[in-house]
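A.B. asks: Residues per chain are reported as follows:
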Amino acid sequence: MKFALASSPFGRKMFKTPDLMRLVILCLLPGIFVQWYVFGWGNLIQIIIAGLFAVITEAVIVAIRKRPVLPTIRDNSALLTGVLLGISLPPYTPWWITAIGIVFAILVAKHLYGGLGQNLFNPAMVAYVLLLISFPVHMTSWAPPEALMQHSVTLADAWSMITTGFSIDGYSLHQIKIAVDGTTMATPLDTLKTDLGHGLTASESMTKPIFGTFAGYGTEWVSFAFLVGGLVLLKQKAIGWQIPVSFIGGLFLFALIGYLGDPDASASPLLHLFSGATMFAAFFILTDPVTASTTVRGRIIFGLLIALLTYVIRTWGGYPDAVAFAVILANMCVPLIDYYTQPVVYGSKKA
Amino acid sequence: MSQLDDVSNDAQPSDNTKLAQTGLISSESKEIILQGLWKNNPGLVQLLGLCPLLAVSSTVINALGLAIATTAVLVLSNWIVSLVRNHVPKEIRIPIFVMIIASLVTCIELLMHAYTYDLYLSLGIFIPLIVTNCAIIGRAEAYASKNTPTLAALDGLMMGLGFSFVLLTLGAVREVLGSGTLFYGAQALFGNLFGDITVHVFTTESTFLFAVLPPGAFVVMGFLIAVKNIMDKKA
Numbered sequence: 001m002k003f004a005l006a007s008s009p010f011g012r013k014m015f016k017t018p019d020l021m022r023l024v025i026l027c028l029l030p031g032i033f034v035q036w037y038v039f040g041w042g043n044l045i046q047i048i049i050a051g052l053f054a055v056i057t058e059a060v061i062v063a064i065r066k067r068p069v070l071p072t073i074r075d076n077s078a079l080l081t082g083v084l085l086g087i088s089l090p091p092y093t094p095w096w097i098t099a100i101g102i103v104f105a106i107l108v109a110k111h112l113y114g115g116l117g118q119n120l121f122n123p124a125m126v127a128y129v130l131l132l133i134s135f136p137v138h139m140t141s142w143a144p145p146e147a148l149m150q151h152s153v154t155l156a157d158a159w160s161m162i163t164t165g166f167s168i169d170g171y172s173l174h175q176i177k178i179a180v181d182g183t184t185m186a187t188p189l190d191t192l193k194t195d196l197g198h199g200l201t202a203s204e205s206m207t208k209p210i211f212g213t214f215a216g217y218g219t220e221w222v223s224f225a226f227l228v229g230g231l232v233l234l235k236q237k238a239i240g241w242q243i244p245v246s247f248i249g250g251l252f253l254f255a256l257i258g259y260l261g262d263p264d265a266s267a268s269p270l271l272h273l274f275s276g277a278t279m280f281a282a283f284f285i286l287t288d289p290v291t292a293s294t295t296v297r298g299r300i301i302f303g304l305l306i307a308l309l310t311y312v313i314r315t316w317g318g319y320p321d322a323v324a325f326a327v328i329l330a331n332m333c334v335p336l337i338d339y340y341t342q343p344v345v346y347g348s349k350k351a
Numbered sequence: 001m002s003q004l005d006d007v008s009n010d011a012q013p014s015d016n017t018k019l020a021q022t023g024l025i026s027s028e029s030k031e032i033i034l035q036g037l038w039k040n041n042p043g044l045v046q047l048l049g050l051c052p053l054l055a056v057s058s059t060v061i062n063a064l065g066l067a068i069a070t071t072a073v074l075v076l077s078n079w080i081v082s083l084v085r086n087h088v089p090k091e092i093r094i095p096i097f098v099m100i101i102a103s104l105v106t107c108i109e110l111l112m113h114a115y116t117y118d119l120y121l122s123l124g125i126f127i128p129l130i131v132t133n134c135a136i137i138g139r140a141e142a143y144a145s146k147n148t149p150t151l152a153a154l155d156g157l158m159m160g161l162g163f164s165f166v167l168l169t170l171g172a173v174r175e176v177l178g179s180g181t182l183f184y185g186a187q188a189l190f191g192n193l194f195g196d197i198t199v200h201v202f203t204t205e206s207t208f209l210f211a212v213l214p215p216g217a218f219v220v221m222g223f224l225i226a227v228k229n230i231m232d233k234k235a
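Taken in sequence, the protein lines are chains A and B.
Sequential numbering of the first sequence, starting at 1, is according to our numbering.
Sequential numbering of the second sequence, starting at 1, is according to our numbering.
These are calculated hints, taken from the structure and not from any lab test.
Hints may contain errors.
Straight-line distance between alpha carbons at most 25 angstroms, and here's what the computed PhoX-like set of lysine-lysine pairs gives [unchecked claim]:
1) Lys228(B) / Lys66(A)
2) Lys66(A) / Lys234(B)
3) Lys16(A) / Lys66(A)
With the rest of the complex left out, here is chain A:
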């Protein structure tokens, strides 16, 4: 009889890296599906482009570093980075922007730090921030949900938009962005911020067609789908509960305080939770085992810190969403958080 011995932690399920990464990608599928249903083919193409470039870049760098190429590719971590970036980008971002972002993510954010397991920052978020500060115009050109669009965008249109910048019929992204009522659309968070700046109250702004039942039109369901996928991930014990719970709870709390303080001039807690990257990030970005805090108390602090930064940057910052910046800033604090939250070794302290 053979007794298999394994080192700690003695989890009931032991994930190997490829299985874990595959599970995360599978749990992203509901979100990706709803995103496709609401916003069309754009992000699906982005995911394919980003995934492709991610795997190619990874292979090239690993070969340069004289490491085994195939096992590294098969661990799916580069593919996952690509998928995460593809989901985050505006749907009709030109392909070369996506390519620059993902090459930077794999080359600089991951391999220059020593490869998988050594990277200090979440590669997908580094790429997102790099692109956001480099190409602010493209990176804030969010298309409205398909149902609100004046021109419908087919798969061929989406492909043509991404590769050439124009749809099959020759519409530019700017024209595509025009909604049924003739106005160009931003994201719900952005719309609310702009309207508040123009002196409208929050409830006046929320009557615009871009808002849905309780958050952004369409985006609320995308967020919801990511929440479902995330819960599966949690159920499978692939991620711990601490980070998602503290992040979502923290953001809810901070938003509630702001909302109760001045309901006319602030986004409701529900809007904070179900728009932008909140749900997607809570389960799929923050929980990156490499760049997140590793101790139990540390993870709670990590989640709360990102929640606070996200709320502050969303409310008073200049960018439409804040999760990427918040994640990178919190990544920087992880060594410090881990240092101060080491669990006490049993017996070393008197009760």
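Since the structure of chain A is already known, use the hints to place chain B on it.
C.D. replies: This is chain B only, laid out in the frame that chain A set:
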């Protein structure tokens, strides 16, 4: 910024008895040239003066303007410090060096204000800030205050050229990456001597802002240092 930290790792021009005097250049001068341009390059090895290096290297012409100004100050300050080195009380040498450097920088600033006004505007605060460039006080303290004027001036020139070389490379890489041009705005430095010599490497509607912004400077600088280390390893 710790100007004086580099003194320890700063290779003194040793009495290279092994290297015989060859031709026109003495072995000591040879060593100075090698140290300044490559082995002990202020930008790539000593990592001194990073602030202006990273801040103004967004275009080649800006970089060239600062490179010329810094090199001029470095040569003159090294030379003057070396001239007065035997008359300066040891206890107050640093304030005296700083005053010498500050006066030189003021001269350079006034000259640039008079002759290259556009460049003066685009470099802004970084011209007066040459005073605080650690590479300059570092060389004054580490080399010029201990050596003869001729050698000190040569050391200043070589360190200045080494610094300029890094500055220009950084400027070129960032300008090409960022906006796809080279030598944009040459009139600011040369007047109408050459006219518009902008080279369009490629044209794009959207600039790659990251390369133009400070984080891009840090990343490109990191790559330059890596390239130097690889070259040293292979040699």
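A.B. asks: Could you run down the list of hints and mark each one as holding or not?
C.D. replies: Evaluation of the provided hints:
Taken as a hint, the Lys228(B) and Lys66(A) pair is honoured in the structure, with Cα atoms around 21 angstroms apart against an allowance of 25 angstroms. This hinted pair checks out: Lys66(A) and Lys234(B) have alpha carbons roughly 17 angstroms apart, not beyond 25 angstroms. Under the criterion of a C-alpha separation no larger than 25 angstroms, the hint pairing Lys16(A) with Lys66(A) is consistent with the structure, at around 23 angstroms.
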